[in-house]
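Q: If you read the protein sequences in the order shown, they are chains P, U and C. Using this note's numbering, the first residue of the first sequence is number 58, and each one after it goes up by one. Using this note's numbering, the first residue of the second sequence is number 58, and each one after it goes up by one. Using this note's numbering, the first residue of the third sequence is number 58, and each one after it goes up by one.
I should point out that these hints are in silico values taken from the structure, not numbers from a laboratory. Please note: incorrect hints may appear among the correct ones.
Note: identical chains are not told apart, hence a pair may lie in one copy or across any two.
[As the list claims (entries may be wrong)] Below are the BS3-like pairs computed for lysine-lysine, each with C-alpha atoms no more than 27 Å apart in a straight line:
{"hint": "1", "residue 1": "Lys135", "residue 2": "Lys68"}
{"hint": "2", "residue 1": "Lys290", "residue 2": "Lys68"}
{"hint": "3", "residue 1": "Lys230", "residue 2": "Lys165"}
{"hint": "4", "residue 1": "Lys312", "residue 2": "Lys131"}
{"hint": "5", "residue 1": "Lys199", "residue 2": "Lys131"}
{"hint": "6", "residue 1": "Lys131", "residue 2": "Lys158"}
{"hint": "7", "residue 1": "Lys165", "residue 2": "Lys102"}
The primary structure of each chain is shown beneath.
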Amino acid sequence: MSNEISTLRAKCPLVQAITNYVTVNDVANAILAIGGSPVMADYEKEVEDFVRLADALLINVGTLTDGEILGMHKAGVKANELGVPVVFDPVGAGAGPGRNKTVMELLKDVHFAAIKGNLSEMAFIAGRDVVTRGVDSSMDEKAADPVEIARICSEKYNTVVAITGKVDTVCYKGRVARIYSGSPMMGRITGTGCMLGGVISAFVGALEDPFVATASALGSMGAAGKKAEERAKDLGTGSFRTFLIDALSMMDDGKLSKYGLVEYEG
Amino acid sequence: MSNEISTLRAKCPLVQAITNYVTVNDVANAILAIGGSPVMADYEKEVEDFVRLADALLINVGTLTDGEILGMHKAGVKANELGVPVVFDPVGAGAGPGRNKTVMELLKDVHFAAIKGNLSEMAFIAGRDVVTRGVDSSMDEKAADPVEIARICSEKYNTVVAITGKVDTVCYKGRVARIYSGSPMMGRITGTGCMLGGVISAFVGALEDPFVATASALGSMGAAGKKAEERAKDLGTGSFRTFLIDALSMMDDGKLSKYGLVEYEG
Amino acid sequence: MSNEISTLRAKCPLVQAITNYVTVNDVANAILAIGGSPVMADYEKEVEDFVRLADALLINVGTLTDGEILGMHKAGVKANELGVPVVFDPVGAGAGPGRNKTVMELLKDVHFAAIKGNLSEMAFIAGRDVVTRGVDSSMDEKAADPVEIARICSEKYNTVVAITGKVDTVCYKGRVARIYSGSPMMGRITGTGCMLGGVISAFVGALEDPFVATASALGSMGAAGKKAEERAKDLGTGSFRTFLIDALSMMDDGKLSKYGLVEYEG
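If we strip away everything but chain P, and leave its shape as in the complex, we get:
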């Protein structure tokens, strides 16, 4: 049996998140539920102070201001300097020139330990010609092969890449993991993608290997989604949201092994 959850909980990594105001509360609660300690400081005049305390930094571009973008760059550069791993959630990459510019400039200035996105966001980062539909993927696995897209992004930016979808994909340096857990109800509430970014950051801040950390995060979210679906399917999506945090908070090594459905290939 793996010990990723117990390792994370023993360390209780401090995760600094610079994220969007839509799902920031969900991200903080997801980080706490899985066993980390969140701090959501994003003010450009203090981000570097908090990076000094952090075990991982999350950058999520879901909503933006001039000040937040400046804070993302300052925090990312400082984290690189101090060796604090940075996780990137390029929400809406591919949706239009404004968002695309922000994403590309962050990729230029900051080295990321892990990047996660849906298929059309990551296809945009891989250099494909794609228009993301707002914050939802405009592509499915028939339109592009997630393993191929993930490999291209991973090599281009020397980073772990996770692509979410019906089956999730994680790639890094020739290693591939596929995650078969999860629930269609996860797409019927806002924030599950952002929460995943927070959970990846907590694992990356606690475990040595960022590939295993990222796959474990996807397995944990997937196992939690399945459990929440069982409890909520006759009730509705409000209950699903509550039960998803419940399930993350009750996660343990045994549940991740049994219900996470993480398959390591290659």
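Start from chain P and add chains U and C according to the hints.
A: Structure of chains U and C alone, referenced to chain P:
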């Protein structure tokens, strides 16, 4: 039996919302629960990109910054240019000179397909001398007739007008609808008014007729409020909030017809 | 039996909150649940308009922008001028020079009726050499005596001081209250500290005596935390969050007296 809910769900309209940071998560979840797809982009340098993808735009002035106000004007003007319907939620109109100026300038620059507010907010827009108590109405139906106020606003701004209250009122070009559903518990949590703005936007983005769309949104929220009250009344307002989203996500044409209590007059 | 809850509910104080975007929704719902009316206006061009309507003002520095800091100063100064009590939640005080500067400048410009924080935040304000771990206390009762820290802060700033911890402490002008209720689950979700700031503000806006108001707020949160823990302990932290708001909304004078475990000393 009407088919507003099934029509909305079949179309899954993309709703762009520029809204306040207090209830933005509730608004996104309400849009998803009723069957739309939300994107909450409000950054002035990218709002127009997202308007191009959107089926409807929501502008809610609950909290503000210079940048957000600029984004509201840019997005609203672009939406008018492209024929994307815009819904306005003038939260706190009448509360003081700062908020009032923002509301009046948006009404000058942007044509709205629908405006919703409580009685004192809409009385302010109708030109009455009124002081709104923060974000709560300072008037009841004894202080002013909602049908009269709604008619004045509707003619002045050539828009569907919805006024929330014990009984809700919708007016447009001589047509009137009154909605008798809802629950007093809706006033005991934050965000039900803002969620309604999101739900109106989803309907307006999916249905041909903005008057029927707005009345259907009020009926859906009212039916959901009643259902949530039944489940939560012995538990409390935290459960009510969860169950309200549950009920929106479980809404269908039959429930809206039976529990929405929408009466079309005139 | 005390009558703090019924007094608060009869008055329904309007609480203006300038707070962080992480937990703003929780703060608004907590204020509503205990019986107040929240308005979260923080835009520097309108904060003073809303202070004129308010019974209490809350300033919480959890996340910041230049505009919000300006709004905090303008609102705080106006509230002092009008005699509206101001409550301060110096989130993350001690975490780094940026945050510390913001906290100290607010303490210089604004007189607070009550200040609440965890032990390391308040130790920083008392002038101790301390580094707060993000937004969590880096000290426990072995590292410093909360009653002593609270007394120093209270005298220095002529204000009621509340220090949260396993046992909470409230001090003012030689009076001390200790609160023995609460639950360890309160630290496993985000926002319970911020919600407490909102609840203190509602009590301070409704009761004559800010010392009793603050102690009653801590007793109410503690009683609600205990009740929520009973319902949620086998479910998880998502349910706990919902049940905490439930319990606040169901609070009454009898429950506060019985389960709040407020002991007035000296």
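Q: Which of the stated hints cannot be reconciled with the structure, identified by number in ascending sequence?
A: 4, 5
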